Structure formats: structure tokens, C-alpha cells
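Following the hints, complete the assembly by docking chain B onto the known chain A.
There are 2 protein chains.
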Amino acid sequence: MPHRLEFWFEFASTYSYLAASRIVDLATAAGVTLAWKPFLLGPIFRAQGWNDSPFNIYETKGRYMWRDMERSCEKYGLPWRRPTQFPRNGLMAARAACVAAEEAWCPAFVRGVYHANFVDDHDIGDARVVGAILEKLDQSASAWLERAQSGESKERLRQQTDAAMQRGIFGAPSFVVRDQLFWGNDRLEDALGWARRRT
Amino acid sequence: MPHRLEFWFEFASTYSYLAASRIVDLATAAGVTLAWKPFLLGPIFRAQGWNDSPFNIYETKGRYMWRDMERSCEKYGLPWRRPTQFPRNGLMAARAACVAAEEAWCPAFVRGVYHANFVDDHDIGDARVVGAILEKLDQSASAWLERAQSGESKERLRQQTDAAMQRGIFGAPSFVVRDQLFWGNDRLEDALGWARRRT
Chain A
906 MPHRLEFWFE FASTYSYLAA SRIVDLATAA GVTLAWKPFL LGPIFRAQGW
956 NDSPFNIYET KGRYMWRDME RSCEKYGLPW RRPTQFPRNG LMAARAACVA
1006 AEEAWCPAFV RGVYHANFVD DHDIGDARVV GAILEKLDQS ASAWLERAQS
1056 GESKERLRQQ TDAAMQRGIF GAPSFVVRDQ LFWGNDRLED ALGWARRRT
Chain B
906 MPHRLEFWFE FASTYSYLAA SRIVDLATAA GVTLAWKPFL LGPIFRAQGW
956 NDSPFNIYET KGRYMWRDME RSCEKYGLPW RRPTQFPRNG LMAARAACVA
1006 AEEAWCPAFV RGVYHANFVD DHDIGDARVV GAILEKLDQS ASAWLERAQS
1056 GESKERLRQQ TDAAMQRGIF GAPSFVVRDQ LFWGNDRLED ALGWARRRT
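Just so you know, the sequences run in chain order A and B. At position 137 of the first sequence the residue is numbered 1042 (our numbering), and the sequence of numbers has no breaks. At position 14 of the second sequence the residue is numbered 919 (our numbering), and the sequence of numbers has no breaks.
Because the hints were derived from the structure by calculation, they are not lab data. As the structure is a prediction and not an experimental result, all values here were calculated from the model. One thing to keep in mind: the hints can contain errors.
It does not matter which identical chain is meant; a pair holds if it fits inside one copy or across any two.
Here are the simulated DSSO-like cross-link-like pairs (lysine-lysine), alpha carbons at most 30 Å apart as the crow flies [said to hold, decoys possible]:
hint, residue 1, residue 2
1, K966, K980
2, K966, K1041
3, K1059, K966
4, K1041, K980
5, K980, K1059
6, K1059, K1041
Extracted from the complex, chain A is given alone in its bound form (with noise of 0.2 Å):
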């Protein structure tokens, strides 16, 4: 049996996109069992002492990872708009995936925030957004943002974003399998392939 891989993302980052748009099929094909795990990279980057996202404090390096982007996208077949607002707010989305991590229709509601801010860029910090990609999946929308704006939805989150930090996570998207930690959309077939070895 394989091992569990743990999927470590947050819907403000633009590599994540790239993650979770290839990691279901990936994963089945290794016939790999996936954690969805949402989490805020925001206090993570604080305890770094950043107040923005790393792409917007070093210049040269956001104006690079854009184009990285474009060329990614093109190379995976991903469609891709570069947003007119980055990094968004992902928190009620985050906490909608928290509380929805079990659900069987949460992989696509994933994606669809992804696709929402990435491809169709939408503010996913909006409410009505959340909500149009929860009833594209047949959920209700009224029912499940109540639900992730519970105040036990907002503790889970914070809950997750602290074990984040306790497995050494400091960027997204990240894969832990067992004690190991991979980093970043481009380790994801090492992820995978770790998450395969028997030992």
C-alpha cells in the first residue's frame, strides 16, 4: 500500500494552481491516497517578517515567476490570465475547504477557486463568488459558507496553519509524505514516487 500524501496549499498562490490542477490525475495513476490540506501562508510569511507575498517584495523575482507562469501553463496545457490582484484573499475560501477537506466534491471546489482566481480572475475573497463555484457543484451555497464562517471552521483553519508550520512548511504548494517534506509543484512527482516506496 502506498503511503498518504498530504497536500499543503493555499488558493493566493499561483504554483498551487499549478498543483492542483495535475495532482488528482498524477495521484491515481501511482495509485496514491491525497490529503487536501488548506492552509494561510500569511502567518507563515509574517514569522519570516514579510507583509506581502515574496513575489511582490522582490521585484526581480515576482516579475520573473509571471513569466515562469505563463511558460508552465503552456507546458502543462493549463489555461492561465495573470490576475489583476495579487495575492488575493483566500481565507473564506481556505476555511469553506477546511471544513469541507472530507467531501467528495472537494478536489473540484479546489480547482474551481484556482480557475476563478487564475483563469477568470475573480476576486475569491468575494462571497458570491465562493458561492457560485459551491452551487456549480451542486452544493448549497447558503449552508456551507455558514459553515466555514462558524467559529469552529475559523479555529480548524488556524489549527492547520499552525501544524503547517510545525512540519517545517514555509511556502506553497508543499506535499509532506510520512516525516518528508517536498516543496514546491515541481517536486511533485518526488512526492508521489516517495509516497510509493514500501519501505
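Relative to the frame of chain A, chain B by itself:
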């Protein structure tokens, strides 16, 4: 005719070791001509407000990098020993590589310096270490070290580091094909693919 690929590397950089170990075979197989471009990350990091390697400044990222290097070297079948000093001073070696960039033995010299740093755990800032690598390649250590420390050589490396900044380079290794910049050992295959594009 494939386009030429510029390989920008820094001798203190762990991920540059991976790229330097892989690039000759991959470029030969792809029919791509290489230009060897040693440069210094120090001035580029200082321009970003860092006075040390980001792997030392950001501890969790550093811890991750050392583990990632172990796994990466295992994946590529490369020898590896974590150096007892990081980052090491690659200035003299970079000056030597800069003045010898057109020599047929330059690629072997570059690999020799990385091997000294990341396998033998030798101080590549020591002229005797650099001299021994030159002698092993049947080159005169004294003649090349003298050239490396000439005013002309110092100026050349300074200009090359300026040229790196002008290309938008912010880390190592980097690859440049025409106007396309690729950052990181993970992008070597993509950069070679770009060099083979006809348009």
C-alpha cells in the same frame, strides 16, 4: 540550429552543483551549445537586502534545502556531503572560471570546484584547493591563479555579475536562452527545450 544556452552559476550555490553536474550530458544530447557564465550572488543578494545566503537567513527554508539536496543527489546519482561551511567563498574560483571560460577544460574545472565544495568538503576559497583542481587538469596552477587575480580578471567578473543583474537574474543556477530566463536546476530541461525551438 538550436540556440545557445547561457549557464549562470555561483560556486557557493548548492543547486548550481546539481546543474553543473548534469548540464554537459544533457546539452550534448540536445545538440545545444553552452556558454559558461560564473557570477557572484553576493552583490545580487545585497541588492535584495540580504547579507548572507537566504538559506541561512530563513532557517526553515535552509533546513529544507539540506534535506532536498540529499534527496536530489540520490535521485540524480550524484555524490554529496553537506559542507561544514556554507556558503563558501567562491570568488577566486569564479575569477579563474571567468578568464578560462573559453578553454576546453573549463567545464571540468567547474565540476572540480563543485566536487571540492560539496563532496570533499574542501575550502574552495583557498588558492591551494583551486590550484590542485587546475593541476589535475594539466594546467599550470600558478599561471592561471595569477591571471585569475589580475585586475583584468577582477573587472571581468564584476562586469559579468552586472550582466547577470541586467538579465534579471536573482538566484543560481539560472539559464538564459535569447530573452528567456529560467531559474533553478529544476528548469534545466525546460531551458534546453527552449534552446531547441526554431522560432
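We went through each hint and held it up to the structure:
1. K966 / K980: Both: 20 Å inside a copy, 27 Å across copies.
2. K966 / K1041: neither (36 Å within a copy, 39 Å between copies)
3. K1059 / K966: Close across copies (27 Å), not inside one copy (32 Å); limit 30 Å.
4. K1041 / K980: within (28 Å within a copy, 42 Å between copies)
5. K980 / K1059: neither (37 Å within a copy, 40 Å between copies)
6. K1059 / K1041: Within one copy only: 24 Å inside a chain, 63 Å across chains, cut-off 30 Å.
Going down the numbered hints, you'll see the structure goes against 2 and 5, while the others check out.
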